[in-house]
Amino acid sequence: MGLLSPWFLIGLAGLGVPIFVHLLRRHVTILRPVSSLMFFERGVQSSTRHRRLKYLLLFALRTALLLLLVFAFANPFIRRPASTANGHMHLIVLDNSFSMRAGTRFPDAKQQAITLLAAKPHDARAQIIALGGQLQILTQPISDEAQLRSALEGIQPGDGRANFGELGRVVRSLTETVHSPIDLHLFSDMQRSAMPGNFADMVLPPNVKLFLHPLAEGAIVPNWTVESVDAPADLSDPKDPKRSRVHAVIAGFGTPAATKTVSLVVNNKTISTRKVDIPANGRASVDFAPLAVDHGFNRCAVKIDAGDAFPADDISVFAVRWPDPERVLFVHADGDTRSATYFAAALAAVSKGAFLLQSTPSEQTTDIDPSRFAFVVLSDSIALPSLFERALSQYVMKGGGVLIALGTRAQRHAPIPLWGAAVQDDHNYARAGSAATLGPIDFTHPVLLQTQPQQANNSSGGWGEVRVFYAAVVNPEQSRVAARLSDGTPFLLDKKLGEGHVLLLTSGLDNLTNDLPLHPVFVSFVDHATEYLSGAQRMNGSTLVGSFVQLRSEAEPVGTVSNSEVIDPDGHRPLSLNEARTAQTFRLTRAGFYQIRFANGRDAVIGVNPDRRESDLEPLPKDVQQLWTGSSGNETSQNPGTAVAEDKYQSTSIWWYVMLFALVAALAELALASGYMGTQREDA
Amino acid sequence: MQRLLAPEVLASISSLDLLAKTVVDGFVAGLHRSPDFGFSQEFAEYRAYTPGDDLRHIDWNLFARTERCYLKRYRGETNSQLTVLLDASNSMQYTSGPPSKMDYARYLAAALFYLSIHNQRDAAGLIVFDEDVREYIRPSTRPGQLARLFAGLEQTAPQARTNFAKPLQHFQNALHRRGIAIVISDFYEKPEIIIKDIASLRFRGNEVILFHILDPQEIRPAMKASALLVDLETDQRIEVIPEYTRTAYRDRIDAHIEQLRSLARGAGMDYQLLVTDQPLDRALREYLTLRLAGD
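Going line by line, the protein sequences match chains A and B.
Our numbering puts the first residue of the first sequence at 2, with every later residue one more than the last.
Our numbering puts the first residue of the second sequence at 122, with every later residue one more than the last.
Just to be clear, a hint being listed does not mean it is correct.
Said to hold, decoys possible - Quick list of in silico lysine to any residue cross-link-like pairs, SDA-like style, CA-CA up to 20 Å: (1) Lys345(B) to Leu57(A); (2) Lys345(B) to Arg33(A); (3) Lys345(B) to Glu42(A); (4) Lys270(A) to Arg246(A); (5) Lys399(A) to Leu388(A); (6) Lys287(B) to Arg269(B); (7) Lys345(B) to Pro34(A); (8) Lys311(B) to Glu42(A); (9) Lys311(B) to Phe41(A); (10) Lys345(B) to Lys399(A); (11) Lys345(B) to Phe41(A); (12) Lys623(A) to Gly198(A).
Read the hints as simulated data drawn from the structure, not as lab findings.
Predicted model only: the values in this text are computed from it and were never measured.
Please put together the full structure from these sequences, using the hints given.
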């Protein structure tokens, strides 16, 4: 405690006034003559004692009033811990991104954070946030040190990527509800790659004071990493020299030129090793071919014997699937052999043995179980046995795919299986003398995505040369129209039923109602329709930490039970039973292999790798750090070691409270003095 | 005119003569407006002449008409003798504001003298006393008596203590005919002693009136704080707290007044408490009531 204006203590000399009035000045008794004392009685002792007692209380009040006034003008202050003095809240942000695994960065950062937490004033509030990938707010603003310490110690190094822009966004949203001053302590390696493209995203609100605690200072740490791996997700023929190969890029950050050994590991077996010369601070690529894999899912990795301080990024994992051949059920009308021929030829061209076509007339489908097929094609087969139609409906609802091609047998008003509607009309363009062509095409549809004009030779991706002589007219409600004819008649429609899809081609596949099977675009169409309907349009064999996978297409209808399952790299199931029923997406937060069973019953193995920007360990330049801290509540960057000590205590003026006490003393003095000196009213 | 009888107004009049004239004229004028009092020096009765009667009182006009001698009698001719006994002890100089008890007593005595001599043609005399007789003016109706009485009043200054026994003894020795004796004092003595000393005045058929002069502060003293009180007669000092003056003192002074009033009436005397902030008419009315009753 101290005084900001001690020279005002001269006013204490004024204390002499009440001392003189009450203690030094002699009490003078006024003589009062009376005619006679015969009716009076003496009352000396009690009167004097009572008077002096009252005057001593008045003297104390007056002295206190003068003392408090002088004290208030001297502007007293007390030194209080900074956080409690002005209600500061500590926001402790610990970076647990992938780069913090380098060396002893993460243990050091955690230790520093725990030290800061221990130095925190007992009643100051704090909040713990983990900055790695998705920002995690681990505690509410509390002052319970045990809980805060427990939250801090519970943070483990992650595989995500730090983003200071995300931190700024979260803190800005946090300050919308917390208006008190916030001391933000960031324990991070301050990677340059964590900086967002726009510096404004990092700027913190005015009431947030940023304290940086950088872990990595000094020279840039050299680091080699497997920057990227290009490998096929599905490999139907491992001996195919074109597809059975792995292309890896090795990158060095702050590294000298060096020769490194790169290995290809498949199912924990090193099957190939290459020597690669990496230029200084540059990149080099290496190819492994052929890729010898087994049937099913293969867990592969490209490793480098970097020998640097950051071994965690010396490996990049990916999954390669060598699937068994799957069968495709092709249901055709009795006597129709052309459509199956065309479709089988196209399927064989694109699947390279991955799919085998099983053709059967519609009348013989009664005992066929559709679930044993990758997908089903109904070629001009409107009339189906009811058992098969019901089984087909359940098959689609569980995630199966069906391609329906309407030929000339689709008479007017005939119900379309699975579609829930009938053929409204039909257009026979051949009779009209001119064939129809395709008009607007939705190239964003997965089936047509790879045939868009930029990737084809002509402007319509090959679809423009297709001539359509017959097309059925179908109500497009509740379906997506992927392509229309030139007169607006829907040509290709997509309807979602449960987890599955139904593609409806309003013309046939037999080269009679159109000439589509004769065009190269038909092969591409069959290829993508096969992927789309079979669910083989799965994700790549590798992805990045923090990305999402879609477990099911939409929220589950009531009563339908189709669980999805996720097994993380440690073999744990991160989804609860309820989440397994309802979760639509799942965030991949760990590096390694995830085994996923989707709601439609299909399986996948995904290799998840950290974002390679985390491998660039170059920290933010000092000037940028100073600019960041300067843009927050403080003006200059602080030394992390001394910042806490300097602001540990803060002077808080208490003159206002002293003046409040003076006011109370003045009121008490007023009341007491008026009681002594007021005119006493005579009784009647 | 009643306004002129207020003590604070009278205090501004320096001449006792003028003061007495003002009081009495105003008082008498006020009586004329009252139906209860028909006092004046008007004709009272005719009485047949008997030898020895003063020839100056024969109504010669009636003799001329009837050839019989009748005496014309007026009320004023039933004359009396007024003696004022004025206490001039030190206690009478107490005042909480003009006039003091002594001045108030002077005004009262002057007004009584004026009323008695000038209006009633009674003989009036004065005895000023404290513990002894300090001034004695024999009752008389001679010209200049009023001036002598006023001079005696003006020369009176409070001093010494009060003692009723000695001046009353002197009064009894000088009294040769019955009349009205008025005692003006603050009566700071035990009521039994006062009545015992004064009761002897009644023995020769005198009518006795006690005018008890007190200051308002003596009846209801207002003390804000404890004070050191000094007795004007004995110079004794005691410290008194305000609480006492608000409670016990008032009870005691009230009991004293009531006892004095009771004993005085029991002894056949009239008693009148006069507070110095009250007009003098009450005292004059008391005197006249007694005067008329004596006729």
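Against the structure, the hints:
1. Restraint check for Lys345(B) and Leu57(A): the C-alpha separation of about 19 Å stays at or below 20 Å, so the hint holds.
2. For the hint linking Lys345(B) to Arg33(A), the alpha-carbon distance of about 12 Å falls within 20 Å, and the restraint holds.
3. Distance check on the hinted pair: Lys345(B) and Glu42(A) sit about 17 Å apart at the alpha-carbon level, within 20 Å; holds.
4. The suggested pairing of Lys270(A) with Arg246(A) holds, with an alpha-carbon distance near 17 Å, which does not exceed 20 Å.
5. Between the alpha carbons of Lys399(A) and Leu388(A) the distance comes to roughly 17 Å, so the proposed pair stays at or under 20 Å and holds.
6. At most 20 Å may separate the alpha-carbon atoms for a hinted pair to count; Lys287(B) and Arg269(B) exceed this at roughly 23 Å.
7. Between Lys345(B) and Pro34(A) the alpha-carbon distance is near 15 Å, which keeps this suggested pair within the 20 Å criterion.
8. For the given pair, Lys311(B) sits about 17 Å from Glu42(A) by alpha-carbon distance, which is consistent with the 20 Å threshold.
9. A C-alpha spacing of about 14 Å is found between Lys311(B) and Phe41(A), which places the hinted pair at or below 20 Å, so the restraint holds.
10. With a CA separation close to 105 Å, the supplied pair Lys345(B) and Lys399(A) exceeds the 20 Å bound.
11. Between Lys345(B) and Phe41(A), the direct Cα distance comes to roughly 16 Å. Compliance with the 20 Å bound is thereby established for this hinted pair.
12. For the hint linking Lys623(A) to Gly198(A), the alpha-carbon distance of about 18 Å falls within 20 Å, and the restraint holds.
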